[in-house]
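Protein chains: 2
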Amino acid sequence: MSKTVVIIGGVAGGMSAATRLRRLDPSADIIVLERSSYVSYANCGLPYHVSGVIENRDALILQTPEGLNTRFNLDVRVETEAVEIHPDTKTVVARHVHRGEFTTLQYDVLILSPGASTIIPPIPGVERAMPLRTVEDMDALKAIVNPSQETEQHMGDDVVDMLALGEAKRPSHVTVIGGGFIGVEVAENMRHMGIEVALVEAASQVLAPFDPEMVKPVEDAMRLNGIDLHVNSQAAAIEEHAVVLADGSRIETDLVVLAIGVRPDTSLAKMAGLEVGPRGGIKVDEYLRTSDPSIYAVGDAVEKTDALDGNASLVPLANIANRQGRVVADHIAGLTPRVVPAQVTAIVKVFSLAVASTGWNEKRLKAAGRPYIAVHTHPGQHAGYYPGQALMSLKLLFDPTTHEILGAQGVGTDGVDKRIDVIATAMRGGITAPELMDLELAYAPPFSSAKDPVNMLGYVADNIASGRMEVVQWSELEQLQAEGAVIVDVRTRYEFSRGAIPGALHIPIDDLRNRFVELPRDRKIVVYCQVGQRGHTAAMYLRGMGFNAINLDGGIKTWAASPAKR
Amino acid sequence: MSKTVVIIGGVAGGMSAATRLRRLDPSADIIVLERSSYVSYANCGLPYHVSGVIENRDALILQTPEGLNTRFNLDVRVETEAVEIHPDTKTVVARHVHRGEFTTLQYDVLILSPGASTIIPPIPGVERAMPLRTVEDMDALKAIVNPSQETEQHMGDDVVDMLALGEAKRPSHVTVIGGGFIGVEVAENMRHMGIEVALVEAASQVLAPFDPEMVKPVEDAMRLNGIDLHVNSQAAAIEEHAVVLADGSRIETDLVVLAIGVRPDTSLAKMAGLEVGPRGGIKVDEYLRTSDPSIYAVGDAVEKTDALDGNASLVPLANIANRQGRVVADHIAGLTPRVVPAQVTAIVKVFSLAVASTGWNEKRLKAAGRPYIAVHTHPGQHAGYYPGQALMSLKLLFDPTTHEILGAQGVGTDGVDKRIDVIATAMRGGITAPELMDLELAYAPPFSSAKDPVNMLGYVADNIASGRMEVVQWSELEQLQAEGAVIVDVRTRYEFSRGAIPGALHIPIDDLRNRFVELPRDRKIVVYCQVGQRGHTAAMYLRGMGFNAINLDGGIKTWAASPAKR
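Protein chains in written order, with the numbering used here: chain Z, 1 to 566; chain X, 1 to 566.
In isolation and in its complexed conformation, chain Z is listed as follows (with noise of 0.2 Å):
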């Protein structure tokens, strides 16, 4: 007899479990309920089209409940709501979000893939914000900002309302609440079309990822293409041409975009009596079991476990769920997946820049007290002598005894997707940042150098992990000024006279032998270059003179990023 899989919820982790539990058993009655009009709908491609750059909204529809049907013999109704589920008679109750009938479906097995929602702030007004999480959502923003026929053919009809009523013109003024990877992506979207955007965030910076130091060339990129950023702001009420802040300032705007984050839709687990997570999310097991034996959970909805503690955690990631998706159909099928926690590799398009990581960021590891080394570089993408080069600036954190590595981050035009990928895929493989060194990538002019970034991380890391080099932080160096430490500017008298480290003494690297003696010997003494590469030359020197020299990691060009001194 053939057995009755229930999934609820059609976009990435649940119909990615439903095409591979297909391929699996071909016998297995396989019910997909989806409560909004599409499913395996290209999510992360929403802010694209209501701007135009995706010019074609199908081509974000990547099936069709017919095509999957006919494809797949899946049974896929969408419009279609679970509104309850009953764990003892396995059964789930449905509803036409439309026309309102009810529908009991029986299961032996249950796939929760409901997702995560926008969290909505409960500040007046908020009811006039726009959030962009569904294609719904996308056709009402798109229909405003940039209206075209055939969005107008899928609009809701509370968009249709709107226009009737006069409401909507074209704005020319939007402001985006949250600077998270959604909220970049929307505010960069928005000035696409030509439309003033400001955008609000209550953190200090944007795309909390990321540390202080690598988010300054976005935050810089974003100003210069014309975005009006208010970090440290909170939005206190959205009125109808304003946004007020908390400090009482106001923003005066035509439409307000809500992009401060999601949280997992935990609502039906929770009526289910499935168990909650300490994060918030539906609690699994490493095969992706909710408390009840019967009922799986996947995607946005779920928490994960973290690969570096243990703990559980919340990553509403696309590719996450689709593995997880997969997972569940293998665990239903009767074999037995691997199980991965979760290592947490992003990235996002901030006009030309890409700004990319992968584990965990300084300032959690500085939050968890876990110890950890810090490695600034700023290399190209591709040999210097070879038309093209971009900078980017990479930072690398490893663990100080067993030199695992712990995370990475990258920001540039060019090559930056590349490296934090081969990070992450180290990471995976267990090798340590010293031997990120050791890697033999594809090397030719037009793609890196002799010695890729990823490389000269490993090269730096070698040097302070054997203990060889010791370096200081942008962030220690007042300390370290305050206690009477020398700083020493080793760059040319060019790169000198355009702005140094205050209090900086400065003798050229290739001056050094000749005028070492003018140091001295009983303080510490901070080296640095533009970027650090000649600051280590000059503190290995220095250390075998036996000063007690360090260089200061990532060099001027790390420490003008950092927060003090934007």
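FYI, nobody ran anything at the bench for these hints, they're computed from the structure. Note that the Cβ used here is the ideal one computed from N, Cα and C, for glycine as well. You may find that some hints are simply not true.
Claimed, not checked - Pair ranges (Cβ atoms, derived):
hint	chain 1	residue 1	chain 2	residue 2	range
1	X	Pro278	Z	Arg338	36 to 44 Å
2	Z	Pro371	X	Leu335	22 to 30 Å
3	Z	Pro371	X	Ala203	37 to 45 Å
4	Z	Gly194	X	Ser497	38 to 46 Å
5	X	Leu335	Z	Pro387	35 to 43 Å
6	Z	Pro147	X	Pro502	34 to 42 Å
7	Z	Val517	X	Asp58	29 to 37 Å
8	X	Arg493	Z	Tyr287	36 to 44 Å
Said to hold, decoys possible - Residues from chain X shown here face chain Z by an in silico Cβ test under 10 Å; the list is partial:
hint	residue
9	Ala12
10	Ser16
11	Asp25
12	Tyr48
13	Ala354
14	Gly429
15	Ser448
16	Glu483
17	Gly484
Here the structure of chain Z is known, so what remains is to put chain X in place on it, guided by the hints.
Coordinates of chain X only, in the frame set by chain Z:
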């Protein structure tokens, strides 16, 4: 007492050793002998300066002897050739290449970094052909094909003589002998200048490190860009205005560039009585010591240990040479450097294509009798719905038992370098082929897909490794057909109409559930689609229904790129 280290050869490995050693040991006497006029130059950039793609010649000369002396206190002697080594007295005899004067140097430690030299085939007229291995070669070639004031200052006397005699006028047709990385780069750069180009390659394909079906797009691109490609063609003689091929045909040409490969320069090592290995390179131990304990050797001249089978191999790659230089310096300084075998990752740009590989190819695995499974895919570099998607072809080779990754190859206009670097890193980290599906890679629509191409390789590998799917390679199809297998094309009617595998039955995948009864149960059924994905779904379905169905790996796209189909 400080020790004296003499280094023979001032490029890549030699110079890496020198600067690293200086950082570790401020007091050593470090003398570098270089027979050419240049040290530390960017070998890999030479073809691009000939054409002017890299405009600035100085950009290729990374360091000068003076600069190295000032910053690193190195005694760098250019135009100085080591002519004798006396291991018994630990002396080197050097000769100034112009002035002819001899010097005898005493060493405590000697490092050989003589590199490799262009292979000169013994054919009549070969002295007319120009190599491209050194800065001097570059200057000579550029003076003829793309003269500029800057070049003329630096070109050798022989070229000045040629020009003076009026022998060299700017050629309108150049023939490149040899279709390796350098040959292909030279051919492209000649085309870049508008020069007609023929390329002569003795093997059946260009770029030997790649399997034939992966090279097809490269050869197509070369022909499309106007290169007259002669594979399976041996140059038999070089006349004043023609290259004569072994089959008697003639290529009328103005200039011949020789790039059939390099061989380790072991002349000095042999004179010194040092052991040479089975592949003709200087034999070294794990720490790069030669058979004389006071003499190390690095770079293109030495044999490496292959990561896969532990055998000696020749790998003339700059990144390996650089790492070796560091290993030697560390060992001399009393450290214990990590030893890593040579995995061999390489890339070359061919017009708009990147062509990259890591590990072994299928030809080599087959020749060595090593079992393997091959997987071909044809993914986009990023999400299909995001503008500018470009397709690439990837190939993964893995062990059928251990699932160890044995090698990978990629070709495409964008994103190939990233995927090969990720796989190379996975290999180094001991990540198996199916585990590639678990990698957490950075995903946003402009950079990748929710299932990155590397993840997809893992998914396919997992399906095969688990025994749930069986695939057939393009090279095995004919044999299977002869044995009575039925070939089923599951693509759309339109796709089928544009060309199919001869003898294939056409059943579109979405008709399969109604039409599978047409298929015989007593015969093997080979299913195929465009790239292998729908074929997989169809074959899984048929297997579930009890058929002996297998999928054509890589679909008709890989099959169509196979040598027999060209």
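Verification of the supplied hints:
Between X/Pro278 and Z/Arg338 the beta carbons are some 40 Å apart, a value that agrees with the proposed interval 36 to 44 Å. For the pair Z/Pro371 and X/Leu335, the supplied restraint of 22 to 30 Å holds, since their beta-carbon distance comes to about 24 Å. Taken as a hint, the range 37 to 45 Å is violated for the pair Z/Pro371 and X/Ala203, whose Cβ atoms sit roughly 54 Å apart. For the pair Z/Gly194 and X/Ser497, the supplied restraint of 38 to 46 Å holds, since their beta-carbon distance comes to about 44 Å.
Range check, X/Leu335 to Z/Pro387: about 38 Å between beta-carbon atoms, so the 35 to 43 Å window is met. Look at Z/Pro147 against X/Pro502: about 51 Å separates their beta carbons, and that is not inside 34 to 42 Å. Restraint check, Z/Val517 to X/Asp58: a C-beta distance of roughly 34 Å satisfies the suggested window 29 to 37 Å. Separation of X/Arg493 from Z/Tyr287 is about 42 Å and conforms to the stated range, judged on CB atoms against 36 to 44 Å.
Of the supplied interface hints, the one on X/Ala12 holds, with its beta-carbon coming within about 7 Å of a beta-carbon of chain Z, less than 10 Å. For X/Ser16, the interface hint holds, since its Cβ comes within 10 Å of a Cβ in chain Z; the closest pair sits about 9 Å apart. Evaluation of the X/Asp25 hint against chain Z yields a held restraint, the C-beta minimum of about 7 Å falling below 10 Å. At its closest, the beta carbon of X/Tyr48 sits 6 Å from a beta carbon of chain Z; the interface hint therefore holds under the 10 Å criterion.
A cut of 10 Å between beta carbons decides the hint on X/Ala354: the least distance to chain Z is about 7 Å, and the hint holds. Checking X/Gly429 against chain Z by beta carbon gives a least distance of about 2 Å; that is within 10 Å, so the hint holds. The interface hint given for X/Ser448 is met, as the beta carbon of that residue sits about 7 Å from the closest beta carbon of chain Z, less than 10 Å. Because the beta carbon of X/Glu483 sits about 27 Å from the nearest beta carbon in chain Z, more than 10 Å, this interface hint is broken.
Contact between X/Gly484 and chain Z, as hinted, is not supported at the beta carbon level, the nearest pair being about 25 Å apart and thus beyond 10 Å.
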